Each structure stands twice: as C-alpha cells, then as structure tokens.
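Peer 1: Hints given; two lone chains; assemble the complex.
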Amino acid sequence: MTRVGVIGLGTMGRQHMDAYRQMLDVEVAAVYDHHPDRAQAFAQEYGVRVAGRLSELLDQCEVVDICTPTYRHAEYALPAIEAGKAVVCEKPLARTLEDCERIVEAVKKHNTPFMPAHVLRFFPEYRTAHQLVKSGAVGVVAAVRMRRGGDFPRTKSDWYADFNKSGGVILDLIIHDLDWLLWTLGTVERVYAKALTFRNLEHLDYTLVTLKFKNGAVGHIEGTWCDPGGFKVNFEICGDSGMLEYDSTRQVALQMATRAEDGAGGGVQVPESPAVQNPYYLELRHFIECVQTGQTPEITVEDGYNAVRLALAAIESAQTGRVVAL
Amino acid sequence: MKVKVGIMSFAHLHADSYAHCLKANPNAELVGIADHDPARAQAKAQQFETQAFDSYESLLASDVQAVIICSENVHHARLAQMAAAAGKHILCEKPLMTKLDDGKAMLAAAQGASVHLFTAFPCRFSPAFQQMKRTVESGAIGELLALRGTNRGSNPGGWFNDPELAGGGAMIDHTVHVADLMRLLTGQEIAEVYAETGNNMFHGAFDDTAMLTMTLQNGIFATLDSSWSRPKTFPTWGDVTLAAIGTRGIIEMDMFAQHLIHYDDRAGRIKQVFWGDNIDYLMVDEFVRIVAGAERQILATGEDGYKAAAVAIAGYESVRRGEPVGTTSI
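Respectively, the protein sequence lines represent chains L and B.
Position one of the first sequence corresponds to residue 1 (this note's numbering), numbered consecutively onward.
Position one of the second sequence corresponds to residue 1001 (this note's numbering), numbered consecutively onward.
Everything labelled a hint here was simulated from the structure, so no lab data went into it.
Note that the structure is predicted; figures quoted are calculated from it, not measured.
Possibly wrong hints are sitting among the right ones.
Every beta carbon over 10 Å from chain L, so not counted as near; a handful from chain B, in silico [claimed, not checked]:
id: 1; residue: Ser1017
id: 2; residue: Arg1040
id: 3; residue: Glu1049
id: 4; residue: Met1201
Calculated cross-link-like contacts (lysine to any residue; reagent style SDA-like; alpha-carbon spacing at most 25 Å) [said to hold, decoys possible]:
id: 5; chain 1: B; residue 1: Lys1232; chain 2: L; residue 2: Asp247
id: 6; chain 1: B; residue 1: Lys1023; chain 2: B; residue 2: Pro1127
id: 7; chain 1: L; residue 1: Lys214; chain 2: B; residue 2: Val1325
id: 8; chain 1: B; residue 1: Lys1232; chain 2: L; residue 2: Lys108
id: 9; chain 1: B; residue 1: Lys1271; chain 2: L; residue 2: Gly216
id: 10; chain 1: L; residue 1: Lys232; chain 2: B; residue 2: His1259
id: 11; chain 1: L; residue 1: Lys214; chain 2: B; residue 2: Val1319
id: 12; chain 1: L; residue 1: Lys232; chain 2: B; residue 2: Gly1238
id: 13; chain 1: L; residue 1: Lys232; chain 2: B; residue 2: Asp1239
id: 14; chain 1: B; residue 1: Lys1133; chain 2: B; residue 2: Arg1289
id: 15; chain 1: L; residue 1: Lys214; chain 2: B; residue 2: Asn1161
Going by beta-carbon spacing under 8 Å, a handful of chain B positions derived as facing chain L [to be verified]:
id: 16; residue: Gly1204
id: 17; residue: Phe1206
id: 18; residue: Asp1208
id: 19; residue: Thr1223
id: 20; residue: Ser1229
id: 21; residue: Pro1231
id: 22; residue: Ile1245
id: 23; residue: Thr1247
Backbone N, C-alpha and C fix where the C-beta goes; we use that ideal spot for every residue, glycine too.
Only chain B is shown next, with the shape it has when bound in the complex (with noise of 0.2 Å):
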C-alpha cells in the first residue's frame, strides 16, 4: 500500500523537490496539488503526472493520508490548521510560522487532531551532520565551548523579498536550518539571540545580511551568518557549515562540499555538481515511513520547527531593540 500525499502550494521553490522525492520513493503516491494559484497547480500537475486539485479544500477532502506544506512563509499556519482539522499528517516547509502565536496554532491543532506536524529540515539527514554529531557525542573533540554556523545564499527573490509574505528576508528564510542542527547536536536550547542585519546587497526593504550571535542554555556560544551573500556568479546556491570548538579539539562540517567543479563553457560559468547524498530524498522517505506506521527517528517535528523559527523572531526582536533578547521573552 502506497502512502498517498498531496502538496499544498508550489510558492516555495523545494515543493519541486520534494515533488521529485515523491515520485521516486517506491512507497509513496503524489496524488495531487492544489495552489492559490490554479494555474500553477495545473502546470505542476502536469509535470508530476499528477492530478491538480481546484481548491486546498478538495485535496484535503480526498483520500490524501498526509500532505506537503510548501506555501507563503506566512501561510503555513493556516494550511497546517486546514490539513490537521482534516486529519491529515503534515510536513511543513520552513521556517514553520513567522509568528509565535502562529506556531503556537499549528502545534495545537495537529495534536487536537492527532495528526503528525513534522518541519522541513533535511539537513538533519546529512551523512556528514550525523557523523559529526555522533563525533562530538563521543567526547572526541572534549567539552564543547563555542559553534560557528553559516547558511548563505542567493536572494531567491519574488515573495521571499516581501516581509509580508515571508516574515522577513534573509534572516528568516536562512536562520532555521542551521539553529536547528545547532539544537540537535548540543541537546541545548538556544536562550538568547542577538542580531545584525543589513540590506547592502540588494537595497530593499528587507534584511539581505543577518549575522546572529546565540548563546545556549549551557552557556555554549554561536554565531550563525544567514546572510543572501552568494555573488550571481558563485558556483552554486549556497552552503551549510557548523563548526564545533571543544576543549580538545575542532570538527567542521561544510555540508554540500561533497561536489565536483563543472567548468561550463556553454553556460559561460563554474559550477558546483553535487554528488552527496540527497537529503530532501532521506527526510520524504521518513515522513512516508512514518504516516505508514514507523517509528520516527531524524526528522524534525513541529516543536522542533518552532523552536528554530522562535531565533529568527527573537533575531528581528533584537534588530528592533538594538540588544541581545531571550527566546522566552518575546
């Protein structure tokens, strides 16, 4: 028995992926999309071989087990609420709400419903991730005392550079994966935020630069560049490093340096072929595993979601106040 899932919205770009990730996973049926965007629906549909539902209502009133939520930062919370009154288990694209009271709903409502709300973070799938969290969990590197994180990109542009729709810029769409993993590696909470932000690459009315400064539950201490710093001309979107300092020691990730350097005449440019594990695969097939009745073991959950979401919120509460904040005092 194929698990059936729909996706609710191609608004962010990894709904292509994931849509992939679906057709490829022996035990997972794409059955179909709705969008806000009829259009758009039909137009995926069509690429997926798929059906494109004319209304999130009529997907979520099929037989659908479980759905993808890849909308509007700012609609997640109302998708989710939809889904879960449905009965239906949710993974949602990140950062999972770009308010508190928000995320709040949506944890609420999925366990009112008893459905599953799980958040997009494959990164926590990385091969090179698990290997350095099972090394620091070993001791190898002593007591860890400082992690330094970067998640830069490219601005992905359209509704990304609308505060209104994403609930921010740089900062909101590039600060949760790797406060996550910062979470999952340390078993700490992150207690208290301080940012910088800055809009010199572009010049909207949006953060372009974020460089966030952490200190965990332990006293542990962080940085995280989340910034849109990738030229046009970079080889590729961007990257994921976390370094951990401990007291014997450092270990340092760079996520995606598994790739080969494509020197492309034709496209004029360089490059980067990746060739690692793909992690948005890794993350689908858990969710798909565990709508059909398996133990859930790397992915992320709702709570898992909020919690990363909360640094980036607590992030521009910083900018606004112009000092560190707590993550339980905004």
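Only chain L is shown next, with the shape it has when bound in the complex (with noise of 0.2 Å):
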C-alpha cells in the first residue's frame, strides 16, 4: 500500500483525491490545508484524517501531493524532498524561478522521484498530437498555434486575481501549453508577448505570445482570462507535409442542453468528452507506479523549470516591450 498526503484541498486536491480513491494500492494518509476549517470538512467528506502540521502529514506517507496556489509550492515540496518524500507538485512547479531552483537544487541533493503534474501531457487530444508530431505525422513542423481559456477564474481567496500569487495567464494557464511544446517541438530561442496583465483591469487577462524555435519553427499561443463563453481548448500544428487540428467547441461526444424547469429558457449547455480514466487519474498513476516501480517519471524537474522559466521570459517581454531570448 502506498501512503499518500495530499497538500491543498480546494479544486486540484478534490481532482487528486477522487483519483486516488479508485487505486486499491493507494492510501490517503493524511490531508493538510492552512485553512482548518475547509481541511475537517474535506476529512468528513471523504473519510480521511486531516493533519494539524506539515510535519505530522510527512510522518504518515511516502508520497506528498501539492495543490496548493502557486506561490505555496515551493514552501511545502522543499520539507517534503528534504523529509525524503516523493514528491508530486501541481503546475506551475513554483511562482519565481529562484524558488524552482531551489525545489531542483533539493530534489538533486535527496534523489527523490519528483514530479511537476503537467497533466496536460496526459490528456488523451494532446497525447496523441505529441505522439503523431513525435511520429513524423506532419512532416518538419512550421506553425503551431494554441488557444486556451475562458473567463475568469474565481476562487475564494481569488488568488488568481493577485499576479504575485499566480502569475497571471501566461504563468498559470498557457504553462500547460508551454510546457506540451516544449516536450513536443524541443527548445525555444526567444519569445514575445502581450498581455494585459498589468493593466490592472479586474478580473481580466488576455495574452498573445510568439515563440521561435530552435528548429525554426514559429509558435503562438493565445491564453484567455476573457471569454465569458466558456473554456475551451484548440490546437493547430501545421508542418511541411501535413496539419493537425483540434478544437474542443467541435469535437464533442457529448452534448447536452437542458431546459430551465419552468420552461423559461435560461437553459444550460455542458459539452462533455467522456473516458474510462480521466487524465488526472492517468498522471497520478503515472507518479504512483513510478515510486513502486523505481522508474523516473516522464515528467521531470527540469521539464517543471523549463516550463516556468518560459513562462516567466513572456511575462518579462510583456513588461519590457523587448524580445527576450532564451
């Protein structure tokens, strides 16, 4: 039995919990989160004990699951590495570059299986696309372009809100593309980028961003805290002897719309892609097999700092105005 401590119990910890309670060799040991109160409620709902300290949390498992904000991580995965923990940390693996280093630095020093959850890497639409780019599928690629988002997201504490916190659209929802093109098309060179970021504008974030790659080829990626029309995904990699395409508005297997019971319309629309296994369940049995197993994790530390560190390079030329090479 493998004795998991998940860290954070808002949305992310909810998805990891339910994943891990379909593994019949997984045990949540313990759960933590800063606020008291939501953690009892947490423990009620799904049975399990809650932790009043990091330290009691670490003394009951082996693996550590952190899904706190962003700007939390690196305060619970450095003790965690340190206690000799494996460690999985939600994206992005940390807020600033210097904390990234530091949560490598450690997972260097311990030796420990680490793994950024850039679950996006298991999400079957951008799974298969890496494989068939992978493949040779489209030939040299030229163009891609990524879009991702919907409105704005709101939390309680509203974290999203407080770019110190999360970072913003670049560093906290197209990290999951960065870091998909990054693992598919290899490095970038340089990067420019807008974004209204630092306007100040409430509950409002938008980005364009351009990457050139070490291969030539041109990247764009659009990341919307804007859209009151509702997330959705869409990819286009297009290469010398073919295309791919994606778009979550149009490959839909499920379709629903109900009509408000008193017939008045204000009916709600909820397009579904129904499968066996989500992709949260998919990474984390990824991270559990490799603990039992002593396999590295697809994923690696380094991935996690690349990531950010593109990130953080398009939120600098957003600021600045200038190119920022790589």
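Peer 2: If you want it as structure tokens, here you go:
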C-alpha cells in the first residue's frame, strides 16, 4: 500500500483525491490545508485524517501531493523533498525561478522521485498529437497555434487575481501549452508577448505569445481569462507534409442542453468528453507506479523548471515590450 | 452608360475573379486586357470575350475610364503611375507596394493627375466583418483591448515565391488584408510591429510562415498569422479570421465559415463550398459606381493600401533587426 498525503484541498486537491480513491493500492493517509475549517470539511466528506501540521502529514506518508496555490508550492515541496518523500507538485512548479531552482537542487540532493503535474500531457488529445508529431505525421513542423481559456477563474481567496501569487494568465494558464510545446518541439530560442496582465483590469487577463523554436518553427499561443463563452481549447500543428488540428468546441462526444424547470429558457449547455479514466487519474497513476517500481517519471523536475522559465520570459517580454532570448 | 474598365496584367490570380465581376456587372464593360506576357493577354481576352491590347500604353490610350492592376507586386508602382498619367482611375491589387517610396510615388501620381487610386481589399465588404464592426462600435463588448487575426493560405507558387517580384513571401502576401481590417475596426493606426518568420513549410529562400505582433496607437495589441500553412489536402484555400477582445466580452469572425462541406469521391478529397456573399463583386461594384460619380463608402483608398503594406514592410524590418519597430521609423 502506497500512502499519500495531499496538501491543499481546493479544486485540484479534490480532483486528485477522487483519482486516488480509485486506486486499490493507494491510501490517502493524511490531508493538510492551512485553512483548518476547509481541512475538516474535506476530511469528513472523504473519510480521511487531517494532519494538524505539515510534519504530522510527512510522518504518515511516502508520497506528498501538493495542490496549493502556486506561490506556496516551494514552502511545502522543500520540506517534503528534504524528508525523502516522493513529491508530485501541481503546475507551475513554483511562482519564481529562485523557488524552482531550490526545488531542482533539493530533488538532486535528496534523489527523491519528483513530478511536476503537467496534466496536459495525459489529456488523450494532446498526448495523441504529441505522438503523431514525434512520429513525423506532419513532417517538419513550421507553425503551431494553441489556444486556451475562458472566463476569469474565481475562488474564495481570489488568488488568481493577485499576479504575485498566480503569475496571471501566462504562468498559470498557458504554462500547459508551453510545457506541451517544449515536450513536443524542443528548445525555444526567443519569445515575444503581449498581455493585459499589467493593465490592472479587474478580473480580466489575456495574452498573445509568439515563440521561435530552435528548429525554425514559429509558435503562437492565445491565453484568455476574458472569454465569457466558457472554457475552450484548440491547437493546430502545421508541417511541411500535413497538419493536425483539434478544437474542443467541435470535437464534442456528448452534448447536453437542458431547459429551465419553468420552461422559461435560461438553459445550460454542457459539452463533455467522457473517458474511462480522466487525465488526472492517468497522471497520478503514472507517478504512483514510478514510485512503486523505481522508474523515472516522464515529466522531470527540469521540465517543470523549463516551463516556468519560459513563462517568466514571456511575462518579462509582455512587461518590457522587448524580445526575450532564452 | 457603362463604365469602361481595363485590366493591366493577369499575373495575380485575383485578376480572373475581378474579370468575372466586371462581366457580371450591369454597369461595367471590360474593354480590354494588356499584359507584359502577350500570350496571356490573348488567352484571357478570349476567355473573357474582350480585346487584347498589345501594350499597356495602347490600353491606356483607349477610351477606358479605369483600370484594375493585377501585376506582380513589384510592378504596381510603375503601372499605377502610367495609368495616373493617362488620367485613368485605378484599383490596384494588394499589397499596394513593396517599398514605401513606391507607395508614396503612387499616391502622389494619383493626386497629381486627380484620379482615384484604390486598393483591392475585398474583406472590408464582408457582411460578417461589417456586422462585427457595427457590434464593436455599439459598445456591446465594452472597451476594446486586443485583437487576434489570421489570414492563412496555401503557397500560390510562381512569382509569389520570388522576393524580387513579390517583395517578400507569405508575410507581404497575407498581412495586408487583416492589418487593413484592424485599422478599419478600431480607427487606429498600427504604431509598432514585431514579426517572426520561418520557412519550414517549403524550405525556400522566402518566408512561408509569418507571425506579426502589432501595437496600435491607443495601446490595443494584436497578432496576425499570415502563413502559407494550409496543407495541400486542406479543404479550401485558407482563411480570414478576426477576434476582438473587450472588457465586456469577445466577438470572433470567421469570414469564410459560410460554406458547405463537400465529400467529393470523384476528386478524392473534401472541399469547402462557399455560399456567402461574393466580396470581390461587392468591391468591384463600388469601384465601378465611384468611377461613375458615386461617393466612396467602403472601398479602401490608396492611403489605406499604403498603411497596410507599411505594416508588412515594417515586419520584414523587424525580422532584420530582431526587435519591434515603429511603422514611422522605417
């Protein structure tokens, strides 16, 4: 039995908890949240033990899963790594490059299993696209466009709205696409970006990022927390012998529309992509199996570092108006 | 009285469409065709049941009132100045010019001869774009913050792949339409341009991939993908899309979304069959009406063509310098 401790019991903590509950060889031994009330409610709902302190949680598990807001990742990851725990940490690896460096150093020093949770790599549409590009399905890649976003994410503490905590739409949201691009196309030479992040518009953030890859390809990412039309993603990979495209608004396996009870409209449309296992399960299952077998997780701490470094370069470009070389 | 129009050169493939538009227009007469390739002039004259002139000079010496110029980009300036000197009104294919000095000379020539100089920007006439413009102007999406555009296509090949004749590759071919729409939508000039280009599609000595980032005078930022990135099996020639992001919402236009999908077993491929309005016809029709004395409404002026082409020219300068460049500093 692999014992897991989950830290940070918001949306992502729940998502991960649901995944662990399906694994017969995993026990969530303890959970921790710096809001004691939220921890208690969570523990009651899932029937798990609350750790009053971090050290108490570390005593009860081999695997630590960090689902806190970005700016607190290092604060929990470092002691867990130093205690020799296997750590899976939500993306982005950390809010600052200094924190990322500390985590990379700690992982190297203590030689513990570590995985930044870039879950996009486990979304079947993105995984299939990665495999196809790698297999040469579109030939030499020339141009890539990716789009991600919807309306502004709202939480009780509203930490997404605090740039110093979340890093805005570039560090929090399109880091998914940045990691996928680094994974699929390799080294980025330079980045140029525009963003609303520094305009101090309440609950609006938007970015358009251009990347030049070492292999000559040009990439474009749109990240939005400005679109009231709901969360959407799409991508398009053009190469010298073909193109792959995906659009979450078009490739919809199940679409439901319901009428309000009184028949007066105000209905809700919910598109879904049902699957036997969701990407969060696949991601965490991969990490648990790596911990159990001693294999190296397919997303390394360096991958986490590189994604943050690229995101911060894009932020720097948006802030200064200059091209940022990597 | 029909407006007499001639076509100077069929080097650009849009000439065929404009010739069809003139033939279909009850107020216009396609009087003749001249081309530096006499065989092409003969063939097109036969196809469109009109006269082939043996030189541009002889076409301009006839009683045509107006000309449409569809030469290789680099020859626009020379042909436009010839037409202006002959007192003919001009509709010039885009990009208006490949060098700023050429554009200035064209504008001066038209002004000096008191003839109209217009730029062939049919996308302005798209009902979807016109409705988008009205919607943005109504304030429905709040204050405008950012724009995202694409004008992707397939590589037209031929002289389009010779920067000596085209003035560049994909970026000069496909930047101007959407740059023009962005100016028209916002009423703002494009102040700064940063561009990345690549040639991984065709590996030639020309850019086939181009991504521009633009900052407008009032701080609105925008990107535009003008790559020839549509694969050979793509169901149509390309696209024109424009999204506007505002404080209260967004509006996204896909100009050629009004199509059927034709799964064509005989052709062995899937095709899009467009059923929306013919924007080339709407543009040529306004040109004909203006030559007949009507006021300009939507048709892009020479100045509009100059401003849009200057964006692409600034894009190439940005690629050379590796940094954003001001459109007035090149």
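Peer 1: Against this structure, judge whether each hint is valid.
Peer 2: Going down the list of hints, with the structure as the test:
The non-interface label for Ser1017/B is consistent with chain L: the shortest C-beta to C-beta separation is roughly 26 Å, beyond 10 Å. Its beta-carbon lying about 31 Å from the closest one in chain L, Arg1040/B satisfies the requirement of being farther than 10 Å from that chain. With a closest Cβ-Cβ approach of about 40 Å to chain L, Glu1049/B is found to remain outside the 10 Å limit, as its non-interface label requires. Here Met1201/B does not stay apart from chain L, with its beta-carbon only about 4 Å from theirs, under the 10 Å limit.
With a C-alpha separation of about 20 Å, the suggested pairing of Lys1232/B with Asp247/L holds against the 25 Å cut-off. Proximity of Lys1023/B to Pro1127/B is assessed by CA-CA distance (about 23 Å); at most 25 Å being required, the pair is judged to hold. The suggested pairing of Lys214/L with Val1325/B holds, with an alpha-carbon distance near 23 Å, which does not exceed 25 Å. With a C-alpha separation of about 48 Å, the suggested pair Lys1232/B and Lys108/L falls outside the 25 Å cut-off, and the hint is violated.
As the CA atoms of Lys1271/B and Gly216/L are separated by approximately 30 Å, the hinted pair breaks the 25 Å bound. Only pairs whose Cα atoms come within 25 Å are accepted, and Lys232/L paired with His1259/B is accepted, the gap being roughly 23 Å. Taking the CA atoms of Lys214/L and Val1319/B, the gap is about 16 Å. The hint holds against a cut of 25 Å. For the proposed pair Lys232/L and Gly1238/B, the alpha carbon gap of about 22 Å is at most 25 Å, so the pair holds.
Taking the CA atoms of Lys232/L and Asp1239/B, the gap is about 20 Å. The hint holds against a cut of 25 Å. At roughly 23 Å between alpha-carbon atoms, Lys1133/B and Arg1289/B fall within 25 Å of each other, so this suggested pair holds. For the hint pairing Lys214/L with Asn1161/B, the CA-to-CA distance comes to about 24 Å; that is within 25 Å, so the pair holds. Restraint check, Gly1204/B versus chain L: the minimum CB separation of about 11 Å is more than 8 Å; hint violated.
Taken as an interface hint, Phe1206/B does not check out: its beta carbon lies about 13 Å from the nearest beta carbon of chain L, beyond 8 Å. For the restraint placing Asp1208/B at the interface with chain L, the shortest Cβ-Cβ distance is roughly 7 Å, inside the 8 Å limit, so the hint holds. The interface hint given for Thr1223/B is met, as the beta carbon of that residue sits about 4 Å from the closest beta carbon of chain L, less than 8 Å. Interface hint at Ser1229/B: satisfied, since its Cβ lies 4 Å from the closest Cβ of chain L, which is below the 8 Å cut-off.
The beta carbon of Pro1231/B comes within 5 Å of a beta carbon in chain L, closer than 8 Å, and the hint placing it at the interface holds. Given the 8 Å rule on beta carbons, the hint for Ile1245/B holds: about 5 Å separates it from the nearest Cβ of chain L. Evaluation of the Thr1247/B hint against chain L yields a held restraint, the C-beta minimum of about 6 Å falling below 8 Å.
The structure shown violates the earlier hints numbered 4, 8, 9, 16 and 17.
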